[in-house]
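A.B. asks: Chain residues, written in single-letter form:
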Amino acid sequence: MLELKNISFTLDSDKEPVTILKDVSLNLEDNKFYVITGPNGGGKSTLAKIIMGIYQPTAGKIILDGKDITELPINERAKLGIGFAFQQPPRFKGITVRELLKLARGEQKGSGCNHLYDVGLCPKDYADREVNASLSGGELKRIEIATLLNRDLNVAIFDEPEAGIDLWSFSRLTETFKEMNNKNKSTMVIISHQERILEMADEIILVSEGEIQEIGEKNEMLSQILSKCNCDMACPERGEENVKCY
Amino acid sequence: MLNAIDKEMLEAIADIHDVPIGAYNIRKNGEGVSKKSTANIEIRPKEGKPGIDVIVKPGTKGESIHIPVIITETGMNDLVYNTFDIGEGADVLIVAGCGIHNPGNNKSQHDGIHNFIVRKGARLHYIEKHYGAGTGEGGRVLNPKTILEIEEDGYAELDMVQIKGVDSTKRYTEAKIHKNGHLLVSERLLTHGKQYAETEMIIDLVGENATTQVISRSVAQDNSKQIFYPRVIGKAKSRGHVQCDAIIMNNAVVRSIPEIDARHADAQLVHEAAIGKIAGEQIIKLMTLGLSEEEAEERILQGFLK
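Those protein sequences? They're chains A and B, same order as listed.
The first sequence lines up with residues 0 to 245 when you count with numbering that gives the first Met the number 0.
The second sequence lines up with residues 0 to 305 when you count with numbering that gives the first Met the number 0.
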């Protein structure tokens, strides 16, 4: 189980410190499928990056299976089975898709190129291509997802995996997530706005304004999210008109 | 004849472990120590100057020529003139390279001046690797000069690699490309410590449909300095593309000054130059796969210089 205890994250800026996350506590149970959703700028990606160790929280603790990992660097967390798929993956001049997948596999045997099928890419066409600017954004995202499929993960985090992926490949992607969850017993944490991904969740976590607004079982959350507006803030530019968001 | 250090040098610069297959000439500390010609490739000492003439018969296909130079003495200053005549329609691989193992405190230097004539329809693949080692304080200096003439329908590919160990290098490459000729120059360079590397290239596209592509990738670490002056001149309907990419680290300095010079309305010349550090996201991505920060950096540089 992954526990987040009273996580806060504040950025120093020129004027005044900006609080991105406020006292977030959350328990992510083994083998469950979580989808984090909520408006842009609400703190979803930051929360995911804090789990991976890319950002250090300014307060709070992260506990994985009873072990405090708050101070562990990214690569040590990776070795404990935490994986993160970037929303905008970086490119690497001179590193091929095969080599990147091999790096992801670590000590495991094989190249793992077969996982390219799971993200709708033909290994024959892609394995020896460099992960450079010749790949489109969508291709890069799929390869990014394949790097996670190549690992034996306890917690697999995906930051908006569907962005840039065409509809044709989308159903393949949802199948792949299901399989990863069932076969590898990975805890899935997916940041998404897609109804079809929300529908896959055991639990949906609604994050906005740096806080967990609500967390609950899929059906109840989905109907809430899809049917009515949860936040009643008035949009200053539109006067009295309420903003429709979740 | 060849001791362990010699063999280490040969492996680093020419990927050979002992006596190479095909034609070869091994030069050590300013003297030729062993050479072999084949039926199609003649290697003979140059008259009046140090160096060799390599004559490849027209139509020779799939043969290789190894011409490594090793320097294992301190205070050595080796100047050599080599001429390569690649006959019409031939297709050969030439592996050159220089390794300096300087054990002492005096400067050891090798200046290789290589002249190539790639005759009509011939193809040349030239690989040059530079390597420096040795614990002495003495500098390891390599100043290669490569001059090419590519005749009609000729093709030449130059792979020039210098990874660590060479304290100072000034490399000069000059080429004249005739009708339908093509030159591909691919340069890989890594400097560290207080090393200095300067690259100058002048490529003249003189014949119709002459083309060239220059790809330079370099990494400058510590307090090292690098300067690039690639220059492509289009004097006919021709195409040229220069791409210089550098990763800068620590307190290094990199200057990249590409020049394209069109003297014909149908000359199409492009240059791209970029200098930057390793992107933070690249390191973070590899760390999320379990690599330490140092391992990630190493892996990124290894790919970049591949």
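Just so you know, the hints here were simulated from the structure itself, not pulled from any lab data.
Beta carbons are placed, not taken as given, at the ideal position from N, Cα and C, and that holds for glycine.
A couple of the hints might just be wrong.
Said to hold, decoys possible - Label pairs and their calculated CB-CB ranges:
# : chain 1 : residue 1 : chain 2 : residue 2 : range
1 : A       : D201      : B       : E156      : 54 to 62 angstroms
2 : A       : G137      : B       : E294      : 23 to 31 angstroms
3 : A       : E178      : B       : N250      : 43 to 51 angstroms
4 : A       : D13       : B       : N250      : 41 to 49 angstroms
5 : B       : A278      : A       : G137      : 33 to 41 angstroms
6 : A       : L10       : B       : E294      : 24 to 32 angstroms
7 : A       : E178      : B       : S291      : 27 to 35 angstroms
What the hints assert, rightly or not - PhoX-like mimics (lysine-lysine), calculated; alpha carbons at most 20 angstroms apart, straight line:
#  : chain 1 : residue 1 : chain 2 : residue 2
8  : B       : K276      : B       : K193
9  : B       : K236      : B       : K276
10 : A       : K108      : A       : K66
11 : B       : K45       : B       : K6
12 : A       : K101      : B       : K276
13 : A       : K48       : A       : K92
14 : B       : K45       : B       : K60
15 : A       : K92       : B       : K193
16 : A       : K92       : B       : K56
A.B. asks: For every hint, state whether the structure bears it out.
C.D. replies: These are the hints, each one checked on the structure:
1. A:D201 <-> B:E156: 54 to 62 angstroms: holds (57 angstroms)
2. A:G137 <-> B:E294: 23 to 31 angstroms: holds (29 angstroms)
3. A:E178 <-> B:N250: 43 to 51 angstroms: holds (50 angstroms)
4. A:D13 <-> B:N250: 41 to 49 angstroms: violated (28 angstroms)
5. B:A278 <-> A:G137: 33 to 41 angstroms: The hinted range 33 to 41 angstroms is violated for B:A278 and A:G137, with Cβ atoms some 21 angstroms apart.
6. A:L10 <-> B:E294: 24 to 32 angstroms: Given about 29 angstroms between the Cβ atoms, the range holds.
7. A:E178 <-> B:S291: 27 to 35 angstroms: Holds, since A:E178 and B:S291 (Cβ atoms, about 31 angstroms apart) stay within the stated range.
8. B:K276 <-> B:K193: Satisfied, since the Cα-Cα distance of roughly 18 angstroms is no more than 20 angstroms.
9. B:K236 <-> B:K276: Distance of about 37 angstroms is beyond 20 angstroms: violated.
10. A:K108 <-> A:K66: Violated, because 29 angstroms separates the two Cα atoms, which is more than 20 angstroms.
11. B:K45 <-> B:K6: violated (26 angstroms)
12. A:K101 <-> B:K276: Since the Cα atoms of A:K101 and B:K276 sit roughly 25 angstroms apart, the hinted pair is violated (cutoff 20 angstroms).
13. A:K48 <-> A:K92: violated (25 angstroms)
14. B:K45 <-> B:K60: Between B:K45 and B:K60 the Cα gap is close to 25 angstroms, so the pair fails against 20 angstroms, i.e. violated.
15. A:K92 <-> B:K193: violated (26 angstroms)
16. A:K92 <-> B:K56: violated (39 angstroms)
When the structure is compared with the earlier hints, violations turn up for hints 4, 5, 9, 10, 11, 12, 13, 14, 15 and 16 and for no others.
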